[in-house]
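> Take the two lone chains and join them into the complex the hints point to.
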Amino acid sequence: MSVILSPLASLQQIANTPSREDGIPEDIEEDLRAYGCKLIQQAGILLKQNQVAMATAQVLFQRFWFVTSMKQFGIGDMGMGALYLASKLEECPIRMRDLINVYDVLLSRARHTLATSSVAAGASSSPTPFHYEPMSYFSQRFYDLKDALVVAEMQILKRLGFNVQVQLPYGTMINYIRVLGLADVEGVPQKAWGYLNDSLQTPVYAIYPFPTIAVACIFLTCRQLQIPLPEEPSHPWWSLFDAELEDITSICGYILRLYRPRSEAEKQLVMALVSKKELRKWLDMEQQAANRSRG
Amino acid sequence: MELNDQTMRSWIKEAKVGEGTYAVVYRGRHAVTGRPVAIKKIKIGQFKDGLDMSAIREVKYLRELQHPNVIELVDVFSAKTNLNLVLEFLDSDLEVVIKDRSHVFLPADIKSWMAMTLRGLEFCHRNWILHRDLKPNNLLIASDGQLKIADFGLARDFADPNPGFKMTWQVITRWYRPPELLFGCRHYSTAVDMWSVGTIFAELMLRVPYMAGDSDLDQIKTIFRALGTPTEEEWPGHTKLPNYVNIGQFPKSPLNLLFTAASSEALDLLAKCFIYEPRRRITAKEGLHHPYFFALPHPTHPSKLPKVAPTTKAKPLQVDDYEDDMQTEIKTTYREKRDKV
Numbered sequence: 001m002s003v004i005l006s007p008l009a010s011l012q013q014i015a016n017t018p019s020r021e022d023g024i025p026e027d028i029e030e031d032l033r034a035y036g037c038k039l040i041q042q043a044g045i046l047l048k049q050n051q052v053a054m055a056t057a058q059v060l061f062q063r064f065w066f067v068t069s070m071k072q073f074g075i076g077d078m079g080m081g082a083l084y085l086a087s088k089l090e091e092c093p094i095r096m097r098d099l100i101n102v103y104d105v106l107l108s109r110a111r112h113t114l115a116t117s118s119v120a121a122g123a124s125s126s127p128t129p130f131h132y133e134p135m136s137y138f139s140q141r142f143y144d145l146k147d148a149l150v151v152a153e154m155q156i157l158k159r160l161g162f163n164v165q166v167q168l169p170y171g172t173m174i175n176y177i178r179v180l181g182l183a184d185v186e187g188v189p190q191k192a193w194g195y196l197n198d199s200l201q202t203p204v205y206a207i208y209p210f211p212t213i214a215v216a217c218i219f220l221t222c223r224q225l226q227i228p229l230p231e232e233p234s235h236p237w238w239s240l241f242d243a244e245l246e247d248i249t250s251i252c253g254y255i256l257r258l259y260r261p262r263s264e265a266e267k268q269l270v271m272a273l274v275s276k277k278e279l280r281k282w283l284d285m286e287q288q289a290a291n292r293s294r295g
Numbered sequence: 001m002e003l004n005d006q007t008m009r010s011w012i013k014e015a016k017v018g019e020g021t022y023a024v025v026y027r028g029r030h031a032v033t034g035r036p037v038a039i040k041k042i043k044i045g046q047f048k049d050g051l052d053m054s055a056i057r058e059v060k061y062l063r064e065l066q067h068p069n070v071i072e073l074v075d076v077f078s079a080k081t082n083l084n085l086v087l088e089f090l091d092s093d094l095e096v097v098i099k100d101r102s103h104v105f106l107p108a109d110i111k112s113w114m115a116m117t118l119r120g121l122e123f124c125h126r127n128w129i130l131h132r133d134l135k136p137n138n139l140l141i142a143s144d145g146q147l148k149i150a151d152f153g154l155a156r157d158f159a160d161p162n163p164g165f166k167m168t169w170q171v172i173t174r175w176y177r178p179p180e181l182l183f184g185c186r187h188y189s190t191a192v193d194m195w196s197v198g199t200i201f202a203e204l205m206l207r208v209p210y211m212a213g214d215s216d217l218d219q220i221k222t223i224f225r226a227l228g229t230p231t232e233e234e235w236p237g238h239t240k241l242p243n244y245v246n247i248g249q250f251p252k253s254p255l256n257l258l259f260t261a262a263s264s265e266a267l268d269l270l271a272k273c274f275i276y277e278p279r280r281r282i283t284a285k286e287g288l289h290h291p292y293f294f295a296l297p298h299p300t301h302p303s304k305l306p307k308v309a310p311t312t313k314a315k316p317l318q319v320d321d322y323e324d325d326m327q328t329e330i331k332t333t334y335r336e337k338r339d340k341v
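Residue numbers (full-length UniProt numbering), protein chains in the order written: chain V, 1 to 295; chain R, 1 to 341.
With the rest of the complex left out, here is chain R (with noise of 0.2 Å):
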């Protein structure tokens, strides 16, 4: 009791930065050291269900994580029924470091960035935790350049993919969401974490999301026109998926097509990453000994990879902003999801 209210004095909130749909985000300090942090408020007594999924999960997860590429939980106070989560603070992430037009993306960065991200999974995944939420606005960049893995809202820890738990299909923001999940697959591994790492390399390339479709189904379609319908060969048993629908043909065109600039290396871990057959796809530590990493360029170091000037920071520090709807489908029955596809 003491020591909550002794840790609740020692952070100072100063300005809010972002509201989400179940916090509100703060810029905040130490008392004393004057270290800023991020405090995320988690709102509570709102929909009076007691405190919210995603807030435990992200206390339970980021408790146990320490690792130079997954956000740091400083710490934990509550204040009267709120929940306080004191984060490192980070100034800005991928996707506006993306949308931010003015600079040139060398080789070089993108692996920098590459193998940051991959460093940071293959230490949740080596801690049996899934992150399920992987996007560029997740990726946060700290002031020496430093790309962190934020948001463990959607994370689990996951077990033997065989006889274990179902979990839902319904994660993963849709543009990076893998096809087993867009199936309905209720049995999934760390390989669903490393589809959104792809995505995530080809919208590095590309500067725009590589595969966006506007609906579940319009995402399949979107995923097959890119990269080909696959075949039973290619993925056994796909067909046999709870929400599997024949979308129809569409032919395999080479990544080298629309990846133009890309070295031979950076197309072979693409594609390792676009590997239907989700036990076949690369794993996030086979992924960071992929010749890519080292094969010349080498990595540009963290500290000099391109910023976004503070004149056009669009958004200090990214409230989990998966969309609404995702927060409610995931409340919403397996079985009432699929009546309705």
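Chain V on its own, in the form it takes in the complex (with noise of 0.2 Å):
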């Protein structure tokens, strides 16, 4: 019917991703998408949820910015929107203020580091340490971050048109990596799960079948480990499982790009864009500078 509904992103959603229109870079929309994905896993962790929803989340979280621009919706907000719903769907539902609570220590602890690096470059003192002041049950902070959280639940799933469906590969993984006889190699299955992990920090899982996302991460392992799989053009390993080279190494590249050393600008600035308003004021200031160096 239409390309919303699909679980994968259309060749014209990956090409030009709503955010690219609004004239984010594109890699800085990579590496906002990463942030947004590591604050999901981080809060997952400190609420003891199961992987199998912080993974969830994830992919809705990808997803989602195959629809909708980041200056529409924050990161954050999303993220924890994210999570939200994809505790309810693998039913293990969290409280909202937990959520809350968590979501504002990590965002606290981020605009900390900010505020001490920036401090630090400035003046030569020594940095304080991180401490967090909880909100008071009944603050302001709290009730403006829940309503962001009901919004957010609610736009994922209007907006990817309720296909809320997740598929992970983790367990396809895992049988492939038996037929291809390296389930008892050493670093194989750990290093693929791994690979699998961090891949979720790219928009992979909305862009390729889970399927093949399995493979990639056996591809690039096996690279790593040096070690040999037939490969023949005529029958390489990885058509045993209907995936195309093409696909598994733009995967890989995807997968590779999150390792690429950052500045500490860089790291800084992905930081700081973490909420829609500083992302529009930062796209505005970009806009300025390009205007005036061109007038």
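Derived by calculation from the structure, the hints in this document are not laboratory data.
Because the structure is a prediction, the values reported are computed rather than measured.
Mixed in with the good hints there might be a few duds.
Said to hold, decoys possible - Cross-link-like lysine-lysine pairs, in silico, DSBU-like; alpha carbons within 35 Å at most:
{"no.": "1", "chain 1": "V", "residue 1": "158", "chain 2": "V", "residue 2": "48"}
{"no.": "2", "chain 1": "V", "residue 1": "146", "chain 2": "R", "residue 2": "166"}
{"no.": "3", "chain 1": "V", "residue 1": "38", "chain 2": "R", "residue 2": "99"}
{"no.": "4", "chain 1": "R", "residue 1": "43", "chain 2": "V", "residue 2": "277"}
{"no.": "5", "chain 1": "V", "residue 1": "276", "chain 2": "R", "residue 2": "41"}
{"no.": "6", "chain 1": "V", "residue 1": "158", "chain 2": "R", "residue 2": "99"}
{"no.": "7", "chain 1": "R", "residue 1": "304", "chain 2": "R", "residue 2": "99"}
{"no.": "8", "chain 1": "V", "residue 1": "71", "chain 2": "R", "residue 2": "166"}
{"no.": "9", "chain 1": "V", "residue 1": "158", "chain 2": "R", "residue 2": "41"}
{"no.": "10", "chain 1": "R", "residue 1": "41", "chain 2": "V", "residue 2": "146"}
What follows is the structure, given as structure tokens:
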């Protein structure tokens, strides 16, 4: 019927995401997606949530940015909404207040890191350790976050056309590893599993079918560990799992870009752009700067 | 975004037909084709707890399931802060049909309803979904007589029951709830739905609920009175279940004393739905292959099944009316509940 209903993004959506249409550069968008997912994962761990719910949340979060621009919603709020919704979907609901408190801690810590690092850059005073000031039970900050959470949950459902089914590739990948006879090769299952976890921070779950992602993680693992697998052009091993080399290398590219070393400024910029307000401010400044240099 | 608005405009709400704890149901139709539908508007904002779990389950599972004996989720859209589920419009349910005394049910009619229920249920189980709230008023009847399983507000997916997740035992309307849930079992499987199917089967024959207890404890007593207290051999380990209570010994009485008109195959199927040990209880798939469905008389064609005359139509569409207390019960934690018991 329509591209939005499909759980995978269309070519057009991939080529030009809503955020990019709003002028957000590609690398910033990728880093923001990754940072949003890291927050989801960190919040999930603090809440002792199941990994399945955290993974589902990250996939929903990744899908969401193919139908919505980061100028419209902040990655902090949406990550919170995704985790809340995914917890319900996976039958392990969490309390709103717990989730909000956890996100508040994480975001306050990020703000603290930013503040101290900019101070450190200016003056040589030693950075103060992070101290979290909990919200009071009826504080306005709590109610604001709660409203944002309810809105975020609904927006995810609405904009994804209520397609909230998420299939995770973990089981499939283990089966593939067994089929390839790699289950007992030291390091392979662990490393591949780790790549699957890391790939949650990339948009691949919204772009490629999950078996292809599993194949890509095995591919990357075997290249890293220098384990030869049959790659004759007529029948390479991945053809057994109906994967295409082009897709595999693209997924590997997404994953490896996560590990690219970032400068301090880049790291700080991503942390600063968690809310849509900051992102808009930054975009305006960028535009003005561009205009000035042109004029 | 545009898609949602487009969807919203294509469905027209007509009349309110029912209201439940978390939803209002309207009759509606498609703006272009005129296809009749039921629009279930989920109330949110009231509880300020985000979207209701039941609504999320319903959307999640019905989006996946498509079968002639499972209600069809035609569309979903949201308006302002409400979530609207567009469902197939079905004008009555099995409870209304059972209560309508103007019809006599032939054995073939009962067989037909049973076959449709089991077909729908087998499809859910095959897709790893437990319904967890089967009862006559969740079995809706279409105008062509087809029976459709509805209300997936308590449904959930299940995996291997051994190491798997713990699930709540506070599910299934009491009269249709199996003994393992009444004893607080937290690892269960498709067998819970099959017990409900058995109670529905019995209700179809008796025209009144078969085992109607007025509290959880009374429910256990009612079951044991009807079917006899299980021995350790019949149901190994049941005395170790969390909420086990010794109710006393009740003798077994053969089912044919109560179900005098039932054929021997019917009684055999019924007895197999009421096997105490959940692992030995008949499955939906086995049920469909039971001799009952191959013996004469053949099931009545759905279009020839007894229907409720329009004048006696009580409720056109059933809102999820699992009682308010069920809803809150589910929310209270297991430990709190057990302390109370």
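> Could you work out which earlier hints the structure fails to respect and list their numbers in ascending sequence?
Structure breaks hints 3, 6 and 8.
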